[in-house]
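Enquirer: Sequence:
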Amino acid sequence: MTVQSVSTKSTIAIMFLGNIGVGKSTLLTQVGGSFPSGVKFMQGFTKEVSEQPVILNGKPAILIDTPGLYEPEDEATMANAKKLTEALKRGYDYKLFFVLLAGNRGLTTEDLALMSTVNQCIRQANGARIDFRVIINQIRDDAVYNMYEENVARDNFQGLFASVRFKGYSLDIQVNGVILIPYDKGSIDRKELGGVISEQVDAQTSVKVKLLKSIVARNKDLSEFGKVASIVAGILATAAIIALEFYFTQSFALKTTDPTKSDYRVQGAENVKPFLDCLESFGVLELDTARVYCEGDTETVLGQVAGDPLSRFEISTKVYPLQPGDHAPEALVRHLYQSLEQLKVPKVKIFYLHAPDFFTPFEVTLKAVDEMYKDGLFEEFGLSNFAAWQVALVHQICHYKGYVKPTVYQGWYNPLMRQVERELFPCLRELGMKFYAYNPVAGGFLTGNYHIDSVVKEGTRFDTKTVLGEYYRSQYWSPLFFDAVDALKAASSAHGIPLLEASIRWMNHHSGLGPKDGLIFGANDCVEDLRENLVSVQQGPLPKDLAKAFEDAWEKVKAANHTYFRRDVRYLKPEDDAKESD
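Each residue of the sequence shown is one higher than the last, beginning at 18 in my numbering.
Think of the hints as simulated: they come from the structure by calculation, not from any bench. Quick reminder that beta carbons are idealized off the backbone N, C-alpha and C, glycines included. It is possible that part of the hints are untrue.
Stated by the list, open to error - Restraint ranges, calculated between C-beta atoms of paired labels, are given here: (1) 562 with 439: 24 to 30 Å; (2) 77 with 446: 48 to 54 Å; (3) 491 with 396: 34 to 40 Å; (4) 298 with 565: 49 to 55 Å.
Using the sequences and the accompanying hints, generate a full structural model.
Expert: Written out as structure tokens, the structure reads:
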């Protein structure tokens, strides 16, 4: 390893990170001239962390080149990650630049693996979060701009900044700037590139996206590139990176005066739209719904308000067996087509069996699911509210029959309801399935705003006049749970953290969720509450004593926890009921 400078906390160190062959060393050579690594315009030859002292726009700085990182489990990557971790311990004022090779591909799995690996290196080195900038290298204007015109490439670049696109990678990092380098066979203007990098590391700068204009100026084919820069700037201005995949679900419904539907929280397309706008502003572009939600109204109003939802959001849905046989082939196909028709989409992202239909053999249901998958009606198959043994059985049937396998489980999980940790999580990990947690803040119970003698607002989650209200009361409304919440509220208040925020942060950083798992949030009838929840997701881990308070609360209530699955385990046909009772 070549070390040419003495580390001091006041020294700015500009570190280039990236996969093999993305142009790190070439760009550094353009900025700093000859580099200790000796790499000039060659791919994958950087083997060590190398330093070069430079004067950048009149200021002393250190340029640091790094070997390429690839798959997290790759031996070479692990060895290089150790070198990177040591380099991050030298006490510099680090400014990280991720170099991504556009190549008309957008963000790749390899890029995400790199970011996850670097994130781990940072934690091992000093435990602090280091903000970073991004260099998107070799962007071809004609292809990229045309894709933007067609609304195809939007997700590729939005994926760089939006939490829902970092699937499978745990990241605690924040993008502070982007440099766009158009593709050009000629050499890059060294002075301009150095100036742009210097501007990006300046904490006072308000410039978020910079474009190398010298390349555009000498290339007629790049005349429209400024528009691409503007689009990327607009995306960056509102986006944030969160560790887990983030879904949104809500009791959206059509307008009604029916008093029995007072729990339909947000009624009418014009009232639903602000929620979707808020989600989009935070980079949350995935919605979760179900055929049963608001008796089908939720899917209908989503289709109305979003117009063509796939241009803005990816939508997943579920079919709950309200009647025996609802998961029989004809009924299942009918329900999914009804969902697609109401949502106004040709397919959904994930199609879930919302709970087991005990009157239809799993083999029959799964064959129908596989046929719908082959017809292109959904991208992933999921299960919800199944017991662990049922998940294993379904997976085994799909494996031996050659059917599409379930890849995700949606289940009930929050700081006070953790039964899934004991048997379901080990099952899912063994099968390679993701877990998406619904009810992460206990339907608002973890706001700490309720008391056992509270008179709740009509139509809210704990209103006993509604079926849902009765159900939620049966889960949480007991002295045991209120005592646990009171203790959590006191522990959170000691740190000046609202209990709701603390609960979300516990889910995000201290729960049993892994990097491939996700959170599913809803909201009440206030957009601002949704916004606050989204901000809470961006916050870091809890103080150690507060995290322990959540463990203590769980010890108090775990004996009173309900099962995470639907309890009826009969595997009978309707006419067999009488025989069983005999």
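Enquirer: Now look at each hint and say whether the structure bears it out.
Expert: Right, here's what the structure says about each hint:
1. 562 with 439: 24 to 30 Å: With a Cβ separation near 25 Å, residue 562 and residue 439 satisfy 24 to 30 Å, so the hint holds.
2. 77 with 446: 48 to 54 Å: Roughly 49 Å apart at Cβ, these two residues keep to the hinted range, so it holds.
3. 491 with 396: 34 to 40 Å: 35 Å, holds
4. 298 with 565: 49 to 55 Å: Given a distance of about 35 Å, which is not inside 49 to 55 Å, the answer is violated.
When held up to the earlier numbered hints, the structure conflicts with hint 4 and nothing else.
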